[in-house]
Amino acid sequence: MSETLFEVTNLRKYFPITGGVFPRQVAAVHAVDGVSFTVELGETFGLVGESGCGKTTLARVVLRLIPPTAGAVRYGGREIFKLSEREMRKLRLEMAMVFQDPYGSLNPRMTIADSVGEPLDIHGLAKGPEKEKRIMELVEKVGLAPFHIYRYPHEFSGGQKQRIGIARALAGNPKLLVADEPVSSLDVSVRAQILNLLKDLQEELGFTYLYISHDLSTVKHMCNRVAVMYLGKFAELGAVKDVYKRPLHPYTEALMSAIPIPGRRREDRIILKGTVPTPIDPPPGCRFNPRCQYSEPMCKKEDPELIEVKKGHFVACHLKK
Amino acid sequence: MNETLLNVNDLKTYFFIAEGAVKAVDSVHLKIGVGEVLGLVGESGCGKSTMALSIMRLIRHPGKIVGGEIWFEGENLLSKSEGEMRKIRGGKISMIFQNPMSSMNPVFTVGSQIAEAIKLHQDAQKHEVREKVVEILGKVGIPSPSERVKDYPHEYSGGMLQRAMIAMALSCNPKLLIADEPTTNLDVTIQAQILELMRTVRKEFDASILLIGHDFGVISELCDKVAVMYGGKLVEHADLATIFKEAKHPYTQALLESIPRLDVETERLRIIPGSVPQLINPHPGCRFCPRCEYAKEICSKEDPPLIEVGQGHSAACFLYGSIDKPNHQRK
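As given, the protein sequences belong to chains A and B, one line each in that order.
Residues in the first sequence are numbered from 11 upward in steps of one, following this note's numbering.
Residues in the second sequence are numbered from 73 upward in steps of one, following this note's numbering.
Keep in mind that the hints are not guaranteed to be accurate.
[Unchecked claim] Derived pair list, reagent style DSS-like, types lysine-lysine, alpha-carbon separation capped at 25 Å:
no. : chain 1 : residue 1 : chain 2 : residue 2
1   : A       : Lys283    : B       : Lys164
2   : B       : Lys164    : B       : Lys136
3   : B       : Lys247    : A       : Lys283
4   : B       : Lys103    : B       : Lys317
5   : B       : Lys191    : B       : Lys211
6   : B       : Lys222    : A       : Lys283
7   : B       : Lys247    : B       : Lys222
8   : A       : Lys151    : A       : Lys92
9   : B       : Lys152    : B       : Lys198
The hints are simulated quantities; they were obtained by calculation from the structure and are not laboratory data.
All figures in this text were calculated on a predicted structure; none of them were measured in a lab.
Hey, can you work out the whole structure from these sequences and the hints?
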């Protein structure tokens with residue numbers, strides 16, 4: 011197997027809820043609750059799950075944009091939560107993020123040259139004419155024309171703005187690119203452009219993606235390995251071809267069968283009962299048990315661990331031991 | 073074929089703003105038969121929602137229906153008075169919106185809002201209305217409906233609220249149900265529940281449905297026929313199976329190949345260059361022409377008419393019809 015880029019061990023992130031006359035913590039949102047995984051250099055690791063399952067929080071903790079409640083992230087052999095702010099800032103050069111909303115993630119008062127050039131200034135990577143040359147280079151790399159760089163965000167379409175967001179993420183030559191739902195706010199006909207661009211860039215520059223999405227079809231198209239999240243935990247983790255062909259966790263199975271396929275009427279659909287429970291007070295035992303069609307008494311008592319059932323294919327389910 | 077329930081003929085809905093007229097719906101023809109489910113597909117800004125609002129006569133200033141006819145059960149809706157329209161809206165034609173949270177009034181209970189629709193359109197005693205509300209909530213799968221009628225919208229989850237919206241739309245046994253992206257805001261597992269519900273609704277209430285969406289997957293689950301819109305125009309109209317097997321219009325073909333699919337392995341997706349057109353003073357000719365790989369000279373000059381290309385299959389493209397017939401079928 012190839013080299014490990016980063017390793018996440020038993021990561022937890024709880025958001026406190028305060029209440030009462032004298033504000034004190036009364037409960038916590040268990041956004042990420044004990045997650046461990048490794049990401050190899052050069053792969054595309056997908057995180058899928060429904061809204062509120064903690065996938066974005068997990069990505070933000072991995073980048074140390076928010077502090078964790080417990081657990082560790084080892085990035086290139088170094089424990090990132092123990093680094094000083096200064097060391098962290100240097101490391102941030104290697105990590106970049108592409109956001110979901112291209113409209114909201116660009117400053118409307120800054121030209122494209124300013125937005126894309128900002129990381130170059132902050133990290134002191136380039137100045138003067140050299141900086142301009144670098145900006146042109148980045149902008150061309152994502153498929154925009156050099157004359158575009160003196161324009162403002164409102165002059166661009168959604169797809170073009172997302173390209174600008176990608177150019178900015180590439181400014182520091184990152185090793186890790188976190189893409190948080192990069193195409194879900196774009197029109198269907200524009201999505202393919204961005205997905206192909208992301209793939210081409212990876213081929214050319216060789217970075218690692220952490221690709222977050224609720225859309226199983228794009229994850230299948232983009233990723234090598236995938237983790238399915240449910241209520242702050244991994245339900246299943248494995249190579250995309252294994253997980254999609256033979257999902258082992260009942261939740262993954264239901265999720266796969268819920269995706270409508272163009273041109274086909276699915277009769278084999280598993281309809282889950284109810285909705286996702288609140289992460290403030292997750293159900294005891296396996297978190298999926300209230301909605302699971304195979305649920306057994308022991309599922310209500312014990313929380314299943316993520317175990318390897320086949321090489322590289324992990325599942326957290328009592329029934330799959 | 074069965075009887076026609078709704079017949080939209082040469083409909084034009086324009087929005088008049090300072091920069092000019094936005095031709096949101098431009099000469100669209102559409103037919104829905106009794107008991108039929110028609111899917112109207114297109115990207116954002118292609119005019120599909122404007123189409124729905126035009127049928128309901130809910131277009132507001134600066135928008136205006138500037139031409140065409142909408143025949144519903146033998147009557148032209150465009151010649152109806154506002155009072156007559158009110159009787160039809162929510163009665164014979166009802167609508168489900170994309171965002172259930174913002175389509176319910178937060179200060180009234182869910183039950184009272186459904187009751188309002190029933191009181192408006194049916195002659196019923198107070199206790200009968202209440203019974204009806206509970207009955208219909210039960211039918212759309214709300215657990216313990218006699219309790220939940222008293223809840224306010226914020227006490228419902230997104231999926232439940234969409235169920236309640238469907239209950240409201242069905243409360244007066246409509247002939248036509250217009251569903252505008254009913255599952256777009258919901259998670260996939262909830263979407264599956266709502267689609268299942270819509271299927272049973274179709275069987276039980278025997279209503280025709282106009283389902284508006286951008287997701288070919290969702291459309292496939294429910295529809296008999298599909299109409300594809302692009303830039304305010306109808307570009308293709310055919311049976312569900314035909315659209316997927318032998319789409320004729322270059323836009324439909326490209327759109328179908330540009331979506332990553334769960335059931336097909338693709339290394340690279342097909343790209344449609346450029347982006348969706350502006351509808352303010354659109355360029356002459358076919359709206360898709362600047363992005364079309366088969367564009368010919370005529371395409372940028374004249375508007376292609378919707379012509380018959382097969383049994384119950386029509387497309388608006390100069391590649392077909394009398395001019396010449398290059399065969400560019402999908403491999």
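Evaluated hints:
1. Lys283/A / Lys164/B: Violated - the C-alpha atoms of Lys164/B and Lys283/A are around 32 Å apart, more than 25 Å.
2. Lys164/B / Lys136/B: 23 Å, holds
3. Lys247/B / Lys283/A: 30 Å, violated
4. Lys103/B / Lys317/B: Holds - the C-alpha atoms of Lys317/B and Lys103/B are around 22 Å apart, at most 25 Å.
5. Lys191/B / Lys211/B: With a Cα-Cα distance of about 19 Å, the restraint between Lys191/B and Lys211/B holds, given a limit of 25 Å.
6. Lys222/B / Lys283/A: Holds. Lys222/B to Lys283/A sits at ~23 Å (cutoff 25 Å).
7. Lys247/B / Lys222/B: 28 Å, violated
8. Lys151/A / Lys92/A: With Cα atoms ~35 Å apart, Lys151/A and Lys92/A exceed 25 Å; violated.
9. Lys152/B / Lys198/B: 30 Å, violated
This entry does not satisfy hints 1, 3, 7, 8, 9, going by the numbered hints stated previously.
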